[in-house]
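**Q** Listed below are the residues making up each chain.
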Amino acid sequence: MSLHKLSPQRSNPDACTTNLRTYKEVIPLNQSCNLSVVKFVKKSRAENEKIAATLTESIYQKDIHALIRMTDRFTEAGNNKKRVRPYKIKTLRDVYHEYAAKGCKRVKKIKSPKCIQDKTDFPLRKIPLFSTHHVSEKKLDKSQWIKMRNHRSPIIVSRNAFITLQKRRNASKNLTNITSIPSKVKVCKDNQRENLDLRVINTNLLSKLNQHKCADSTTFDSNKCSLVSSLNFKCICGIGSNMHHCEAAQRWTEYAYRHHSRSFDFEKDSEIFNDMLTLAESDSAVQESVQQIKNDICRTVTDEEFFCVGGRGYTTMLEVLTAFALYDKPCGYVQGMNFITASLAYHCDSATAFWLFASLIEDYDLRKNYLQGFDGFYKCAKDIGEESQEKIPKIFKFLVSSQKLNFRKTTA
Amino acid sequence: MEKKKNKKVFLKVVIIGDSGVGKTSLIHRYTSTRFLQDFKPTIGAEFSNKEVVINGKTVVAQIWDTAGQERYQSLGISFYRGADCCGIVFDRSDHSSFENLDTWKNAFLKHGAPKEEGTFPFLVIGNKSDLDDGSLVKERDAQQWCADNGNLEYIETSAKDNTSVEEAFTKLIEKGMEREKVNLVELPDRMSQKNKTVNLQRDVAKDVNRKPQKKKCC
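Protein chains in written order, with my numbering: chain U, 14 to 425; chain G, 3 to 220.
Hints were generated in silico from the structure; no laboratory data involved. Any given hint could turn out to be false.
Pair by pair, the computed Cβ-Cβ distance ranges are [unchecked claim]: (1) G:104 - U:343: 42 to 48 Å; (2) G:58 - U:298: 52 to 58 Å; (3) G:104 - U:298: 38 to 44 Å; (4) U:315 - G:98: 22 to 28 Å; (5) U:280 - G:119: 58 to 64 Å; (6) G:112 - U:308: 23 to 29 Å; (7) U:408 - G:79: 55 to 61 Å; (8) U:385 - G:49: 34 to 40 Å; (9) G:50 - U:407: 56 to 62 Å; (10) G:46 - U:319: 36 to 42 Å.
Stretches of chain U that chain G covers, calculated by requiring three or more beta carbons in the stretch to come under 8 Å of a beta carbon on chain G [what the hints assert, rightly or not]: (11) 322-336; (12) 392-398.
These figures come from a predicted structure and were not determined experimentally. All C-beta atoms, glycine included, are put in the ideal place defined by N, C-alpha and C.
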């Protein structure tokens, strides 16, 4: 039995897509097939658990054929019109924990990603890299699935949207072609977007970027970027410095981009970043939040000149947060983001910091923590509650009994 | 909540207002009698306790500091509940924060849902009085707004200079205690409500008994 990986492969992307195609043929388009919840036919509990176990196993190993076989069985059973009930599969985390218990080497790798193990200064340590690590992997697969399920509209994940846009822009130098790109890019509605939890870039933003590019195309020069010209970047952490970021930041970019089909390209990405900054100047909605951002930057790290008005950290944070307010309009700037960007600003310049920040928000499940309603926050609180109930039951009992902890979401 | 043995009164004080008006510094000034130089934007909410003696009674004031940004208002819903009094802060040097007083008051009444909407104890606090460069929000305007919104009380403070911060919080707590007295009269009603809850629990118990029967059918 050959193992085909579901996740996109850098070396051979074509092989990956063919596999996906076969998968599409097997699963009917209308059938809701999720990674996390699959409808099972009501059988004995032991049998269901057996299926769930093999399914999670196959997800873990990303064995596409096993998955297909499993789904075949489900559809077959579904056609017999027996009573179906949702059955929750073990999450990937559970699988990892099991493997960890067995002492499997694979899990050790997952549990401690390289950048955490490094002895170098890592200010992002507070961000739960581990807990969200596998989610991003899963998400990537999920997004691929959704992409192929929806024939009518290709959903474009933000960064890829920019990349495709840029490719097309480079390919066709004719201006008329450039303006026609956005019509091809179809974007789902706002509420759908929330459900899918995919970062989808606004068509408006894309078209605006194009227009801006068209207007500027005659005079625009990549050397004009203020960031590229600032060659003497010196990192505060004192590790060997690059032009734009220090060694630590270099590793972070590698780490953040390891799931993507390409690596971090400073010149291209900083170009996009600068485009966004110029766009943000004329955007009224973004300008509103700029005031808030300026307000908050001054009181993020107050005892350092680096972040005072006029300091390099100040401008970096301002640029990153303004660009992000434009990049992700439904989310925008929320208090609390400033602390993350502050720690990034120590180690890299605006463009690198921005893409690292975007990657943190999108790939590491931080976005829900900032969206209206704070679903992610409640989820985290619930996770902590469950974890503490398991690990420190006595303290948990005390906290709950004295009503100092409330992990449930109170609805109005 | 009232502990009769220690004769302590427990009060929940909620401080709301626009982002950056100085809510955190005000509270910090009151609870720890210092001015915070390196204040940070509040995320979600924080609270601190202070024990004070007012009119011969020991009061434990739990002062809730809320985040000013609009996005965090949805979280605020759970913090507003059960508040005994509420202080709305605005920055006297920032006119937009004064104009937002309406929205803050309405949001509190909507989400906090206190029993007495008309008479709920609010205190309007004009902070940053030390920044006197002639363009501050005038006391007359602020008093006018308070008179138009149900005769609220208004006080001007400065967390930096420590002018009338103590006074403001004492006023707030006194107001909250007045409200507490009103609630104490209602105690018999509460007792009757307790009886009702017992009935409900019995119903739930009956439901639990019924459920297994349903399962047997399937």
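**Q** Could you run down the list of hints and mark each one as holding or not?
**A** Tested hints:
At about 27 Å, the beta-carbon gap between residue 104 of chain G and residue 343 of chain U misses the expected band of 42 to 48 Å. A beta carbon spacing of about 54 Å between residue 58 of chain G and residue 298 of chain U agrees with the range 52 to 58 Å that was offered as a hint. A hinted range of 38 to 44 Å for the beta carbons of residue 104 of chain G and residue 298 of chain U is inconsistent with their spacing of about 23 Å. Remark: the range hint 22 to 28 Å for residue 315 of chain U to residue 98 of chain G is upheld by a beta-carbon distance near 24 Å.
Between residue 280 of chain U and residue 119 of chain G the beta carbon distance is about 60 Å. The supplied range of 58 to 64 Å therefore holds. For the pair residue 112 of chain G and residue 308 of chain U, the supplied restraint of 23 to 29 Å holds, since their beta-carbon distance comes to about 26 Å. The hinted window of 55 to 61 Å between residue 408 of chain U and residue 79 of chain G is violated, with their beta carbons roughly 28 Å apart. Checked against the hint of 34 to 40 Å, the pair residue 385 of chain U and residue 49 of chain G fails, with Cβ atoms roughly 24 Å apart.
The hint said 56 to 62 Å for the Cβ distance between residue 50 of chain G and residue 407 of chain U, and at roughly 26 Å that hint is violated. Range check, residue 46 of chain G to residue 319 of chain U: about 27 Å between beta-carbon atoms, so the 36 to 42 Å window is missed. A count of 0 residues in the segment 322-336 of chain U with a Cβ less than 8 Å from any Cβ of chain G is obtained; the coverage claim is therefore unmet, three being the minimum. Counting residues of the segment 392-398 of chain U whose C-beta lies closer than 8 Å to any C-beta of chain G gives 0; at least three are required, and the coverage claim is violated.
Of the numbered hints listed earlier, those contradicted by the structure are 1, 3, 7, 8, 9, 10, 11, 12.
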